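Engineer: So you can see what is in the structure, the chains are spelled out below.
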Amino acid sequence: MTMAGPGGAGGARVQIEGVHKAFGLDGRSTPALIDVSLEVQAAELLCLLGPSGCGKSTLLNIVAGFIPPTRGRVRVDGAPIAGPGPERGVVFQEYALFPWLTVAQNVEFGPRLMGVPAARRREVVARYLDMVGLSEHATKFPVQLSGGMKQRVAIARALANNPSIVLMDEPFGALDAQTREVMQEELSRIQRVEHKTIVFVTHSIREAVYLADRIVVMTSSPGRVKDVFTIKLPEARDRFAAEFTRYESEITRVVKEEVAKVRE
Amino acid sequence: MIRAAALAGALTAWALVAYGGRALGLVNPVLMPTPGEVVEVAGTLARDGSLAQHLAVSSLRIAEGFGLAAAAALGLGLLVAVYTPARLMLEPVIEFVRPIPPLAFLPMFLVWFGLGETSKVAFIAYTTFFPMFIGIAAGLGRVDVMLLRAAASLGASRRELLRRVALPAALPSIVVALRLGFGLAIFVIVGAEFMGADAGLGNLIMEGRVFFNPAQIVMGALLLGLLGSLVNGLLQAAERRVLRWRALG
Ligand SMILES: Nc1ncnc2c1ncn2[C@@H]1O[C@H](COP(=O)(O)OP(=O)(O)OP(=O)(O)O)[C@@H](O)[C@H]1O
Ligand SMILES: [Mg+2]
Numbered sequence: 062m063t064m065a066g067p068g069g070a071g072g073a074r075v076q077i078e079g080v081h082k083a084f085g086l087d088g089r090s091t092p093a094l095i096d097v098s099l100e101v102q103a104a105e106l107l108c109l110l111g112p113s114g115c116g117k118s119t120l121l122n123i124v125a126g127f128i129p130p131t132r133g134r135v136r137v138d139g140a141p142i143a144g145p146g147p148e149r150g151v152v153f154q155e156y157a158l159f160p161w162l163t164v165a166q167n168v169e170f171g172p173r174l175m176g177v178p179a180a181r182r183r184e185v186v187a188r189y190l191d192m193v194g195l196s197e198h199a200t201k202f203p204v205q206l207s208g209g210m211k212q213r214v215a216i217a218r219a220l221a222n223n224p225s226i227v228l229m230d231e232p233f234g235a236l237d238a239q240t241r242e243v244m245q246e247e248l249s250r251i252q253r254v255e256h257k258t259i260v261f262v263t264h265s266i267r268e269a270v271y272l273a274d275r276i277v278v279m280t281s282s283p284g285r286v287k288d289v290f291t292i293k294l295p296e297a298r299d300r301f302a303a304e305f306t307r308y309e310s311e312i313t314r315v316v317k318e319e320v321a322k323v324r325e
Numbered sequence: 050m051i052r053a054a055a056l057a058g059a060l061t062a063w064a065l066v067a068y069g070g071r072a073l074g075l076v077n078p079v080l081m082p083t084p085g086e087v088v089e090v091a092g093t094l095a096r097d098g099s100l101a102q103h104l105a106v107s108s109l110r111i112a113e114g115f116g117l118a119a120a121a122a123l124g125l126g127l128l129v130a131v132y133t134p135a136r137l138m139l140e141p142v143i144e145f146v147r148p149i150p151p152l153a154f155l156p157m158f159l160v161w162f163g164l165g166e167t168s169k170v171a172f173i174a175y176t177t178f179f180p181m182f183i184g185i186a187a188g189l190g191r192v193d194v195m196l197l198r199a200a201a202s203l204g205a206s207r208r209e210l211l212r213r214v215a216l217p218a219a220l221p222s223i224v225v226a227l228r229l230g231f232g233l234a235i236f237v238i239v240g241a242e243f244m245g246a247d248a249g250l251g252n253l254i255m256e257g258r259v260f261f262n263p264a265q266i267v268m269g270a271l272l273l274g275l276l277g278s279l280v281n282g283l284l285q286a287a288e289r290r291v292l293r294w295r296a297l298g
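These protein sequence lines are chains A and B, in that order. Residues 62 to 325 in the numbering used here are what the first sequence spells out, letter by letter. Residues 50 to 298 in the numbering used here are what the second sequence spells out, letter by letter.
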């Protein structure tokens with residue numbers, strides 16, 4: 062794999078240093094992020110947890126290169142980011158599928174830009190549509206899909222482009238409980254084989270404990286890093302193991318503190 | 050079906066007013082030509098080949114003027130979409146010129162471009178350009194930023210963003226702008242041909258006025274309407290084809 066950057070295998074691939082973000086003219090409005098510093102290691106799956114509006118999507122947008130931080134810096138493989146790039150795949154909270162393209166064409170979009178030959182593209186599309194269980198819907202347009210189906214297309218589209226870093230914003234949020242677990246298992250299986258570097262935003266603590274190497278809990282808005290948990294569980298995780306449940310309740314307690322603040 | 054019925058209804062109403070009004074002495078025959086008289090005029094003009102010629106002359110002027118304007122609107126719309134300085138420079142100029150009723154400028158076009166074809170083509174192009182440009186530029190400017198982000202993070206360059214995201218996303222607005230522009234071309238050709246033209250449907254209508262032949266006026270108007278709906282129908286069919294994905298929802 063071509064995962065490791067200049068830092069070498071196991072080094073930090075994404076370095077977020079003292080990032081502040083405020084929206085509005087001259088960044089004068091209330092801040093969305095305050096002094097966020099994080100490192101995402103190569104082949105690590107890092108989960109971001111935090112109350113709604115705490116700045117998870119904002120942080121992801123900054124790492125993706127869509128918006129600049131107001132202060133601080135973000136480096137990918139040691140280099141400052143200059144806009145979006147195909148090595149950082151993004152799964153959007155709002156899917157952002159191209160409505161004029163079919164499901165298969167959406168998934169094919171990245172490989173086509175990369176100049177992947179047609180025969181190989183067909184293989185890639187077939188593989189990822191199969192992975193997300195949408196092979197039968199390849200020729201449909203996004204308007205014909207349910208929210209959960211769109212979300213799976215968005216996942217397939219991002220992964221089909223083979224990014225070494227994947228930024229996923231509540232990628233399973235619109236899925237029913239069963240599909241969601243299947244997708245979680247699929248992602249953790251991919252991760253064991255392909256060792257991508259993943260930043261994964263979720264509201265589900267169970268999901269985070271199931272998937273993550275580390276979990277970052279953010280404070281309520283304006284978002285800061287509140288706590289970081291390293292999940293020392295075997296690669297193939299058992300949702301009913303005592304250890305699993307212990308992590309779950311510990312993190313639940315920390316997250317609840319923040320959610321309570323929002324509602325005050 | 051409904052459309053056909055509505056059309057038949059309108060025709061019947063016309064026939065009723067024209068023939069009935071005449072029979073009852075309510076309508077001055079000179080002021081209200083009957084469908085029969087209009088068809089008769091059309092037949093006469095068709096037989097000596099002049100009808101086809103007028104139609105061809107007008108169609109060519111519309112096609113050229115509209116084609117030029119559409120190309121310019123598309124080109125400048127794209128330029129403005131990708132290059133902010135161009136937008137900042139063009140916007141105030143266009144906002145200044147746009148509200149002037151084009152017909153007010155028609156005499157200037159005759160002065161500048163003479164009585165020949167150029168003045169008519171230029172006038173149609175001038176009139177149809179603004180609404181098309183504004184529609185196209187707005188469509189390109191409204192492209193969902195999430196789609197642009199998605200494509201950029203899949204590796205699209207600026208060029209590819211334009212070609213593979215902005216253009217298809219703005220296609221509905223572009224098609225609407227073109228239809229609008231074409232409707233306007235039909236609208237202003239009459240004015241352009243009223244002044245100093247020796248052929249064309251507008252000229253035919255003017256001739257009808259000068260020689261007091263209401264049937265000829267009505268025929269010219271109906272032909273323009275027919276031409277307009279024909280092309281509009283074609284554009285709508287094209288629209289349905291390229292925008293197939295929207296209809297499925
Ligand atoms: N473009 C923007 N302009 C102004 N304010 C914004 C913008 N984007 C986000 N914000 C603000 O920044 C804060 C963080 O928003 P963000 O979308 O990052 O939250 P989030 O953690 O992803 O929430 P959720 O879990 O609901 O998706 C919010 O207070 C939001 O109102
Ligand atoms: Mg969000």
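Hints in this document: simulated from the structure, not taken from any laboratory. The structure presented is a predicted model; accordingly, all values stated were derived computationally and were not measured. Hints are not guaranteed to be accurate.
Simulated DEER-style distance windows between Cβ atoms [stated by the list, open to error]:
hint, chain 1, residue 1, chain 2, residue 2, range
1, B, VAL142, A, GLY85, 29 to 35 Å
2, A, PHE301, B, VAL131, 51 to 57 Å
3, B, ALA187, A, PHE301, 52 to 58 Å
Sample of chain B residues lacking proximity to chain A, with all beta carbon distances greater than 12 Å (derived) [as the list claims (entries may be wrong)]:
hint, residue
4, ASP97
5, GLY124
6, THR133
7, VAL142
8, GLY165
9, GLY232
10, LEU297
Stretches of chain A that chain B covers, calculated by requiring three or more beta carbons in the stretch to come under 8 Å of a beta carbon on chain B [what the hints assert, rightly or not]:
hint, region
11, 138 to 152
12, 167 to 175
13, 202 to 210
The C-beta atom is built at its ideal place from N, Cα and C for all residues, glycine as well.
Engineer: Of all the hints given earlier, name the ones this structure violates by number, lowest first.
Structural biologist: 10
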